[in-house]
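Protein sequence lines, in the order shown, are assigned to chains A and B.
Numbering-wise, this note's numbering puts 369 at position 310 of the first sequence, and it's gapless, one number per residue.
Numbering-wise, this note's numbering puts 333 at position 193 of the second sequence, and it's gapless, one number per residue.
Among these hints, one or two may not hold up.
Stated by the list, open to error - Below are the PhoX-like pairs computed for lysine-lysine, each with C-alpha atoms no more than 20 Å apart in a straight line:
| id | chain 1 | residue 1 | chain 2 | residue 2 |
| --- | --- | --- | --- | --- |
| 1 | B | Lys-404 | A | Lys-399 |
| 2 | A | Lys-408 | A | Lys-424 |
| 3 | A | Lys-237 | A | Lys-113 |
| 4 | A | Lys-399 | A | Lys-432 |
| 5 | A | Lys-237 | B | Lys-349 |
| 6 | A | Lys-402 | A | Lys-424 |
Treat the hints as calculated values from the structure; they're not laboratory data.
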Amino acid sequence: MSTVIQRFKTWIFESRSFVFSWYTKDRNQLQEPTKSLVELPPDLRKKLIVATNKLADNPSDTEAINFCIDEAFEQWRDHSQSAENSIVILTSPVMVVSRIIITILENWAEEKQISVKVLPWNERPADANEIKSKLQQYLEQESQETDSKKPVVVVIPNLNWCFLRSMDGLDGIDYLQKMLLHDSNRFWIIASGQVTWDYLNSISDLEADCGRVVSLPELESDSLKTWLKPILTELNITFADPRLESQILEGNKDAETIYFEDLTSISRGISVIALRAFLASICYEPPNDEDDPKLGVLQARSPGLPNLPNLESEHHYLLYFLLLHGDVTLPALAHSIGDKESKVRKQIKFLRGEGLIEEVKGILKINPIYYPKLKQELLNNNFIF
Amino acid sequence: MMNVYLNFYIFAQSAGEAAQETKELLTKITTFKVTQALVIILSCYIALRIIDWSIIWVSERIAREWRLRVKQLLPFFRTVVLTVTIVTLMNLFLNLSPENILAITGAAAVALGFAFKDFASSIIAGIVGIFEGSYHVGDRIKIGDDYGEVVSYGLRGIRLQTPSDNTVTIPHSKIWTESVSNSNAGELEAQVITEFYFAHEVDIELVNKILYRAAHTSRYTQLELPIVVVMAETPYGTHFKLKSYPLDARDEFIYATDLTNKAKQAFAKYNLAYPRLLNVEQNSQPSS
Chain A
60 MSTVIQRFKT WIFESRSFVF SWYTKDRNQL QEPTKSLVEL PPDLRKKLIV ATNKLADNPS
120 DTEAINFCID EAFEQWRDHS QSAENSIVIL TSPVMVVSRI IITILENWAE EKQISVKVLP
180 WNERPADANE IKSKLQQYLE QESQETDSKK PVVVVIPNLN WCFLRSMDGL DGIDYLQKML
240 LHDSNRFWII ASGQVTWDYL NSISDLEADC GRVVSLPELE SDSLKTWLKP ILTELNITFA
300 DPRLESQILE GNKDAETIYF EDLTSISRGI SVIALRAFLA SICYEPPNDE DDPKLGVLQA
360 RSPGLPNLPN LESEHHYLLY FLLLHGDVTL PALAHSIGDK ESKVRKQIKF LRGEGLIEEV
420 KGILKINPIY YPKLKQELLN NNFIF
Chain B
141 MMNVYLNFYI FAQSAGEAAQ ETKELLTKIT TFKVTQALVI ILSCYIALRI IDWSIIWVSE
201 RIAREWRLRV KQLLPFFRTV VLTVTIVTLM NLFLNLSPEN ILAITGAAAV ALGFAFKDFA
261 SSIIAGIVGI FEGSYHVGDR IKIGDDYGEV VSYGLRGIRL QTPSDNTVTI PHSKIWTESV
321 SNSNAGELEA QVITEFYFAH EVDIELVNKI LYRAAHTSRY TQLELPIVVV MAETPYGTHF
381 KLKSYPLDAR DEFIYATDLT NKAKQAFAKY NLAYPRLLNV EQNSQPSS
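Excised from the complex, chain A in its bound form:
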């Protein structure tokens, strides 16, 4: 019975914006998360951005990855002929863990007294035809440099960069699959987005050739609170009264606890989404007296996710391909979808204007804050996740 009540409570909580929105007075106060940061005074906004950039990777994510790698590696080292020679770490498609993995492995290699070779790519090769040859070139060169009898750890920090969904873009995956099967002297650490993994698995049964496959666990609200504490302290951010529905559902909990539970729930426990939703919930409260020389305060209001704009079928395909590839250039995206660049550019322009897509130095990505709703939208439209 308690399970049923708990499930009902979770359902109410997750659909609260719909259930309660018609009855609560603060409905009109729900700010658009993408706008509020712009509305902050420039100096405070700058401080907030600096504090965010200083923020280290979430320690819970780091610990979880470290633990998985350690366990799988020790098993392989003890029984290199019988144990699985690879570990695949799956994350949300809007989260890139390559930086975390590389940071972990810096000390780990010394600790384990083993040679670690990280695929030195920070983007997908521009020509999809070259993915396989570049992979081959790197791995062959690496095997020549190291003693073939000595075990070595090979890291593919982002599997998304090793393929493009096109006729000529999947040879790299075929090659990797072959290498994984036939090379027991190498231990492979592979990081991939969940959508990428599901796709590759459905077309080439990649999982059959890989060892352990682990998904990054969802973060707890306490972990998020600890992670964001430095920003809260530095900028003296306070918490506004929670929304009426949260007060009803959460009883006597204080505003801060309710805030972080809400944040965990809406971000599905994914740190990058939580951080974006946190920033979007910050607003500026001016001093009561306008003549007061003191600055106003920053306040965190109930976190929320922005609604998706009206999307058409063509947008669905494009957004799915962006989630599939993680980050991708416009020419590569157009090649993969099979449309002209000008047509894709027009769609990208619309989606960028709506805030769904971000572009940094020519690389296109999904704005993480839209991911939970986008995932649901694509699921409703027969896409697989």
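Assemble the complex: chain A is given as a structure, and chain B must be docked to it using the hints.
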């Protein structure tokens, strides 16, 4: 002479009885009742238009997975509206006692049997079709030579939207005599078969790889459903069929085009041999 008078008397008496029965059957027709009937017919027409419009409008805007389910409500609502209208009109003009209903049913059956045989057959087939489920709104079907998406399910027949964007009206009565081929039967996906022909000596493994890859990389492919390549030897070459499903059955033609486009680009890259019609080649040889 006496016999003629007797016959005339009997005929006059039976005509009088029939007139009396008709009088009992019909209520008094007044201007008010006629006005009411016109209003009811107009309301029925408006209700049908609203139902058609709103169901199509809603189904095209909600999540794709619900589109066909919502569209399938259309014949049900139309039937309800039409039944209510007919019963209300009958109630307005007829004294619906059990005997009268029996009489009307018999008379209507005879009248319809002679005058509107095909129309009645279509209506009955339409009602049977709702329960039998041979086709629903949103399905892609083939009846006779016509193929397309069922866009409307009316009292007498259905309307198909063909790939060339024509609307074809087909009476329901076709289901008595014609086979109905339904590609998706209420599902969002329908299998698409894309065909390719090669010379006998073609590298089969390579062709298979290219065809699978074309399906795996097309944006339209539903990867949760099976993708299969089958082949057959024919006198003129090797015939390959790529069987796969698009995410949405509506995309079947654009999907087949995408697959063909991708595959042909790869075939050109590997210079794969297409079948040759030997007699044509021989005929086209210049005479020495």
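The hints, checked one at a time:
| no. | hint | result |
| --- | --- | --- |
| 1 | B:Lys-404 - A:Lys-399 | holds, 18 Å |
| 2 | A:Lys-408 - A:Lys-424 | holds, 13 Å |
| 3 | A:Lys-237 - A:Lys-113 | violated, 41 Å |
| 4 | A:Lys-399 - A:Lys-432 | violated, 28 Å |
| 5 | A:Lys-237 - B:Lys-349 | holds, 16 Å |
| 6 | A:Lys-402 - A:Lys-424 | holds, 18 Å |
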